[in-house]
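Please work from the sequences and hints to get the whole structure.
Chains A and B, in that order, give the protein sequences. Using numbering that gives the first Met the number 0, count along the first sequence one by one with no gaps and you end on 342. Using numbering that gives the first Met the number 0, count along the second sequence one by one with no gaps and you end on 499.
Don't read these hints as lab results, they were simulated from the structure. Ideal placement from N, C-alpha and C gives every residue a C-beta, glycine not left out. If a hint is listed, it holds; no wrong ones were tucked in.
Label-pair restraints from in silico Cβ distances: (1) 208(A) <-> 486(B): 49 to 59 Å; (2) 123(B) <-> 145(A): 42 to 52 Å; (3) 21(A) <-> 306(B): 29 to 39 Å; (4) 177(B) <-> 37(A): 45 to 55 Å.
Just some of the chain B residues that point at chain A, by a computed CB distance under 10 Å: (5) 76; (6) 79; (7) 85; (8) 100; (9) 103; (10) 107; (11) 127; (12) 131.
Okay, here's what each chain looks like letter by letter:
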Amino acid sequence: MNAPAESGSAAMSLAAAPSSKSWGAQFRRAMRRHPSLFGMPALLIASLALTVLIHPQFSDFDLQSLAMGALPLAFAAAAQTVVVISGGIDLSIGSAMAVANVLAASMMEGRGFGESLALAVLVLTIGAAIGAVNGLLVVLSRVPDVIATLTTGSIWGGVALLILEKPGGGAPQEFLNLGAGTLFTTWLPTALILLAVSVSAIWLPLRRSKLGLQFYAIGSDRIAAFRSGVNVERTRVAAYIFSGLFSAIGGLGLTMTTGIGAPLAGVYYTLSGLAAVVVGGVSLAGGRGGMVGPILAAFVLTLIPTDLIFLNIDPNFGQVIQGVLIVAIVMIGGFVTLARAQK
Amino acid sequence: MSEAPLLLEVRDLAKRFGSVVALKAAALQVRPGDVHGLMGANGAGISTLVKLITGVFPADSGQILVKGAARTFRSPAEARQAGIVSVYQDPALVPDLTVAQNMRLAGASIEAVRKWLGELGVDNLDFSDIVRELPYPTLRLIDLARALASEPAMLLLDEITASLPADLSERIYAMVKRWRGRGHAVIFISHRMAEISALCDRATVLRDGVTVGVTERAHGSEDRIVALMLGADPATVAAAVSSTVTSHRVPRDAEPALEVRGLRRGPLLNDVSFKLYPGEVLGVAALEGQGQEELFDCIAGSRRYDEGAIFARGRELKLRHPADAIRAGLVLVPANRLLALLQQRSIRENISLPAFGGLRDWGLIGVRKERARVASAVARLQIDTRASSELRQLSGGNQQKVVIARWLASGFNTLLCFDPTRGIDIGTKRQIYALVRELAAAGSAVLLFTSELPEIALACDRAIVLFGGRVVAEMPAADADEASLLRAAHGLAPQLLAAS
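Right, here's the structure in full:
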């Protein structure tokens with residue numbers, strides 16, 4: 000859309016395009032700017048179609064297990080997305096999820112539904128506090144975020160083991176049903192509703208707020224953002240707080256879908272959450288990407304091992320295939336961006 | 000203090016970064032309705048002074064007084080509230096946000112920015128465009144419009160015209176005058192003496208982090224300003240200024256060091272051909288975006304061309320990578336020094352990086368040989384090596400010298416200089432052009448693009464003018480005065496008229 004300056008005076012090249020744009024042009028521009036918003040649904044539909052092809056008896060039960068399997072990963076991806084968009088990284092997400100998971104399972108066992116909801120709010124607050132500690136450590140100590148959150152990740156992992164040494168605990172069935180049940184029909188798992196409601200309740204208003212704008216700004220160019228009047232340190236801490244909040248929701252989701260607390264279950268989600276972020280089109284350099292891509296990517300990444308099991312492939316070999324597929328998806332995304340940039 | 004009260008006063012401001020003293024004792028007095036020039040050689044501390052005044056970082060000592068009251072700003076946002084706004088050397092717009100989002104981020108009113116952009120001659124900007132996708136001159140104007148929208152009593156412009164085409168610079172001058180007419184003050188920073196003398200009421204000169212003088216009238220004090228900047232007595236300076244280059248005849252029967260035939264690439268480069276002989280400096284003049292960047296990139300091997308051929312000393316080259324061009328003796332000095340240098344490594348490593356081929360001894364780098372070569376290049380270019388551990392601590396002029404020094408150390412046949420003096424002070428500029436002449440006298444060929452047209456006659460033997468990706472004029476340096484170059488660069492060359 001950039002008017003190439005092949006001819007004419009400098010004044011001609013001052014503006015990128017005429018100000019009135021047709022609906023079609025706006026659509027093309029949206030596709031160009033947010034490729035993952037269009038690419039990821041296509042990828043998800045394709046992988047669902049592939050699953051049905053491999054496994055024609057795909058039932059409501061398979062959909063429920065997909066939704067339950069993807070729920071914690073989607074929240075881990077959401078947690079990482081907020082920080083990565085702000086130009087940082089959080090390697091403690093899995094451990095923070097583990098803390099939330101074991102806290103919920105150990106406190107809610109034998110309690111009523113109302114009490115459990117109150118405890119869930121407490122767990123969310125603790126999650127946000129964990130994020131605040133991460134953020135303050137990164138900002139105040141000036142230790143690079145990779146190192147700082149790797150370290151706190153190890154600390155939160157230890158805390159989770161201190162709270163609950165062995166897998167155990169539980170929660171009332173009504174509470175578990177928030178993430179492991181169905182609503183109206185067996186084809187609508189509550190996990191999907193929980194995910195959609197909590198992400199849109201937090202992310203949509205945030206995205207439209209000044210704080211959301213500041214997340215993108217500091218991720219894109221920290222110096223330019225500072226000169227525009229953004230308090231960079233405060234904004235970075237805020238990003239980690241939201242990361243902690245999403246991690247805590249993910250931990251609660253883990254409690255709902257597994258029914259227990261497991262101190263080591265969360266650890267897996269740090270790396271696969273990061274994979275979902277990258278597959279979902281969020282730039283690790285910061286400033287670019289959205290929330291829809293990573294969350295849909297979490298479903299795609301959950302489908303891959305399922306499909307490999309349906310195909311009777313050795314799970315150890317399946318892990319290799321999964322890695323290859325992640326690299327391939329990211330590479331294709333990169334080529335598409337490159338091809339567009341050269342046009 | 001008989002005159003109007005000072006709007007801004009700076010007393011004894013000092014700042015050091017680690018071991019490097021950026022500012023020792025800066026003083027500045029600006030009255031309302033004053034366009035105040037701020038000048039100094041590279042590394043004199045001008046940019047640091049601007050950043051201290053606008054709260055980018057805190058001063059170590061000294062005072063900033065606004066309307067007589069001492070103030071400390073902890074961020075540019077605080078300075079803005081006090082009516083002090085700066086347009087920095089590089090755009091302060093966040094690349095991944097739209098223009099509108101950037102305005103919202105900074106708390107600027109979109110209506111006001113749109114109005115000021117209109118005044119600057121930009122009417123059709125779509126505020127939903129992403130900043131990354133907009134051309135550089137537009138970003139400068141958006142930056143300026145955003146600053147104006149907050150109606151600052153004190154506007155600081157740090158080299159805003161440094162890489163703008165002439166017509167846009169004119170619009171900025173007009174706006175500066177208007178701002179003065181409203182009774183506001185402007186601090187105008189530029190390395191172009193003509194701008195300072197035409198625009199400024201007063202000028203303050205810094206040297207090595209110290210305010211060395213203030214001229215009450217900028218116009219007519221050019222010699223004094225240059226003398227203050229260089230720290231030399233007026234006689235030597237005058238001698239240096241008048242020592243223009245005497246071009247010498249180049250034997251045309253010799254084999255060209257570089258020949259380009261029918262080069263095309265994409266929409267911007269359409270059929271460029273020329274020959275460059277050993278011992279010659281060939282100037283390239285063009286307005287913004289006429290294919291000069293593509294031309295240099297193609298010759299230096301960093302972009303591939305669609306059609307045409309490039310010959311070095313009679314042999315056709317296949318350039319797939321900058322390493323191929325370097326091997327053929329074609330080396331590039333880019334305008335953006337950040338593209339050529341390793342900012343976090345030492346001067347020595349930066350200079351010897353491309354030379355490792357010749358310094359290797361069974362795979363290991365010969366330390367003694369390396370030191371000797373680097374030392375001779377550093378001495379020849381008079382590089383200030385006080386901060387030698389990390390290149391990013393050097394001033395822009397010294398960094399540019401390092402770029403040239405690395406090619407001196409590794410050897411070359413043809414030097415491709417793309418706007419080598421962009422944002423560089425007069426003293427260093429003169430050194431760089433003297434060096435270019437010296438290299439040519441020693442038999443090297445130099446292809447030189449510069450955005451400052453008067454420099455063509457100063458440094459070159461011959462000049463070609465690009466317009467719309469074609470060579471539209473060729474002239475000996477003696478005829479390449481600013482007016483003829485400008486006419487040709489706007490596509491008004493007689494050759495073109497005859498052809499159409």
